[in-house]
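Residue numbers (the numbering used here), protein chains in the order written: chain A, 285 to 854; chain B, 391 to 482; chain C, 694 to 885.
Treat the hints as calculated values from the structure; they're not laboratory data. All C-beta atoms, glycine included, are put in the ideal place defined by N, C-alpha and C. Just to be clear, a hint being listed does not mean it is correct.
As the list claims (entries may be wrong) - Now the stretches of chain C that chain A is said to cover, found in silico as 3 or more residues with beta-carbon under 8 Å:
1) 714-726
2) 809-822
3) 874-882
As the list claims (entries may be wrong) - Below are the EDC-like pairs computed for lysine to aspartate or glutamate, each with C-alpha atoms no more than 16 Å apart in a straight line:
4) 491(A) / 756(C)
5) 584(A) / 535(A)
6) 739(C) / 631(A)
7) 584(A) / 837(A)
8) 808(A) / 837(A)
9) 579(A) / 353(A)
10) 808(A) / 846(A)
11) 579(A) / 766(A)
12) 739(C) / 434(B)
The residues making up each chain are set out below.
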Amino acid sequence: MAETVPSHPPAPEEGHPHHEEMSFWSKYIFPLDHKMIGMQYLFTGIAMAMVGGFFAYTFRMQLAFPGIEVPGWGLVSPADYNALVTNHGAIMIFWVAMPVLIAAFGNFLIPLMIGCDDMVFPRINRLSYQIFFLSVLVLIASFLVEGGAFGGAWTAYPPLSAKAEYSLTPLGSSLWLLAVALEFVAFLLGGINFITTAMNSRAPGMKMYDIPIVVWMIVLASIMFMLSVGPLVAGAVMLFFDQQLGTGFFDPARGGDPVLWQHLFWFFGHPEVYVVLLPAMGIVAEIITVFARKKLFAYKTVLYTAFGTGILSFTVWAHHQFVAGIDPRMAHIFTITTLLISVPIAEMCFVYIATLYGGSIRLTTPMLWALAFIAEFLIGGVTGIFLGASGADIYFHDSYFVLAHFHYTFFPIAIIGFYAGITYWFPKMFGRMLDDRLGKIHFWGTIIPFNGIFLPLFILGLAGQHRRIYNYEHFPELATPELQALRVLATVSLLVMLGFQLVFLVNFVRSLRRGEKAPQNPWKANTLEWQAPSPPPHGNFATLPTVYRGPYEYSVPGRAEDYWPQNAPE
Amino acid sequence: MGAVRRRLRTRLAGPLLAAAVLVAPGRALACAVCAAGETNNRAEFILTTAFMTALPLLLVGGVVLYLRARARRVHGAPPSPTSALEEPRRVA
Amino acid sequence: MGKVVALPVRPRREPLLPNGVLGMLLFVLAEIMLFAGLISAFLVVKGLAVEWPPVGQPRLPVEETAFNTGALLLSGAALAWAQARFRRAPSTALRPVLLAVALGGLFVCFQGVEWVGLVREGLTLRSSTHGSFFYLIVGLHALHAVAAILALGWAALRLAEGRLRQDTFASVQLFWYFVVGLWPILYWQVYF
């Protein structure tokens, strides 16, 4: 929340004689500065991640120990369970992955990395966060209204989501939909800002191929978001009309078509996966080159594979409807495109591995996260190939195999990508160093239990366990002690992992106050944000930089230093 | 003779495979609840799917081409996309 | 608040498109996708129906709307004319801009009258998917038209004060051309 923004040490005044003193309100609550808006998104995202994590804890406890009084929640009723899984999914994607990866890092990094003083539309940027914050409030309100929060799964398929007789949440489902729609508007405004800024405000001398990969990735993700979100907004308006005004867009009894929603939803929903994946990939690219002290292997290949991913991502969405009665000819084509899209992503992973090859690797905390991202994301990518094949998908559909698969993609994206980014840019954001030892404890305490949570779920899925079941005791073939032991293993791993997140919080808060002062360029990196003071003052640079070379000139032969900042004339 | 047949086979293989991929699965529609079967709805689904897939790519492609043409008009020559990376790197 | 001052003046990038125009272009692209989604949904549901318009539902007033379409297209032409005059002498562009606003206002008012007639004939939001889609798609377009007319009115005000910049004018024009250009497609898809 905006109120939790901590007060970090005042920005260094040197080089900024005209820095204006601003009131608390205009500096922290209604800022125009891109860095502060990024912070607002960051802290809101972290707060929402805690909510989403708490939900996961509650329903995992119910699954491992059915009927238990969950500490902190109480008895989980079936309606509670549905609301918890629905909102866990929605929160983690729309209110954690999007705000943290795109909005927080995008806002903080884009102007700094392209060497300008702010976004081109600072007021629209502020409006974007305010709408986003409103969407958070609406989402929270949906838990407090009569009938409870929406429980029709984060994909909100009608008729369950369209009719209060089925969902039993007459207000909760509409508020949920409203929150999602507001969130889209917020990111639409943010995305327009990112693209325009990156196109028009680059530092003199910065050509297309001098833009750091992470900026490219956030811009591409914004383009994809903008082009895919329209149909879902259309669908959301139609669903809202069905819920509140009694229309029959998705009601087959009145001439509507329920499968239509699935198309409108996934037309956005699948590009969305790549919308959050690309920024995470970009963050990893920055970290890997810096800590391998080596030029990024094949900059242009990364860029073109990202373009390819963007193009292909618009051609795969119907693989979510293989069992929804779509035309098998369509299913066939979508199988092919789905398998094709693994090619550019695999290529990016290979490029990152090739960057590591022969580098002088430094296993700092951000580097560990970046390496873990590649390793864990590969598992998610490979298991996706089974699901992309329309034949195999009929068996796997809606099983825990799917669930484990997308958690192996989304966890690396949203959580590992976030930790990689925050541990890398923390010194720049707050002007203090994070504790490396605590960082490593937190790393291993997150990665090992993470695999402990989701590897058992693959096995459960292969055994035929459906998603979205409140209690498996009523399914004789799923209630065996062996399968229950796997459920308990997953839940215990989750508890361990959540426990280790406290290490991060302690590290974060302690470093904010008492961390070692960060130098301007602690990692000896080339990109422009490290050439600004830590933390950058209002206006970012004492003199706006001029760019002379690409962002990844590490270990250039013949130079005394192994890095070569983009703005250094010689 | 064999060579001709082989060439014919390789030339036909592509279109035949495409036809098999596109047409054959149509026989496999086994949806118990889809009483409609061969209505306009199916045709419209395929049509709109193709439309919605192509539209974003056409829009972005159009904007990129427009910007390129504009760049050419404003700056005279098209900026060589690789000029940034292929400047000679002087070794200090 | 705002920008930090006293930075050394240095050659800045000459943008290919001014910020406002590029931002509006991106917004229009997202809007096009929104309407593409609605049209696709409409076609899919229409394909499901045995008869269209559904039994007992009125036919849409194709002929009257053709006149209305003409008014909207003329308003787009008036704005293009305004741009041509703006380039030579900005003050002479005021009258064509006001003409465009008036024609756009005529379009919206005419549509309101048409809706009253249709509701009387039994076409409502709830009467059938036909009615639902008609009011949703055409209504959403009308909302955009109203927003665009307000933007044009604001631009006319700035023009009268002599404070309208070319890039601001261009971005307002872009939005109006989107509203005008979208309409024939909606007319063709929804009314016929």
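Here is what the structure says about each hint:
A count of 9 residues in the stretch 714-726 of chain C with a Cβ less than 8 Å from any Cβ of chain A is obtained; the coverage claim is therefore met, three being the minimum. With 4 residues carrying a beta carbon less than 8 Å from a beta carbon of chain A, the stretch 809-822 of chain C meets the three-residue requirement, and the given coverage holds. Coverage of the stretch 874-882 of chain C by chain A is violated [criterion: at least 3 residues with CB-CB distance below 8 Å; count 0]. Using a Cα cut-off of 16 Å, the hinted pair residue 491(A) and residue 756(C) is violated, with the two alpha carbons roughly 54 Å apart.
For the given pair, residue 584(A) sits about 48 Å from residue 535(A) by alpha-carbon distance, which is inconsistent with the 16 Å threshold. Only pairs whose Cα atoms come within 16 Å are accepted, and residue 739(C) paired with residue 631(A) is rejected, the gap being roughly 43 Å. Between residue 584(A) and residue 837(A) the CA atoms are separated by roughly 14 Å; this keeps the pair inside 16 Å, and the hint holds. Between the alpha carbons of residue 808(A) and residue 837(A) the distance comes to roughly 11 Å, so the proposed pair stays at or under 16 Å and holds.
The straight-line distance between the Cα atoms of residue 579(A) and residue 353(A) is roughly 54 Å, outside the 16 Å bound, and the hint therefore fails. Distance check on the hinted pair: residue 808(A) and residue 846(A) sit about 8 Å apart at the alpha-carbon level, within 16 Å; holds. As the CA atoms of residue 579(A) and residue 766(A) are separated by approximately 49 Å, the hinted pair breaks the 16 Å bound. The straight-line distance between the Cα atoms of residue 739(C) and residue 434(B) is roughly 9 Å, inside the 16 Å bound, and the hint therefore holds.
Of the numbered hints listed earlier, those contradicted by the structure are 3, 4, 5, 6, 9, 11.
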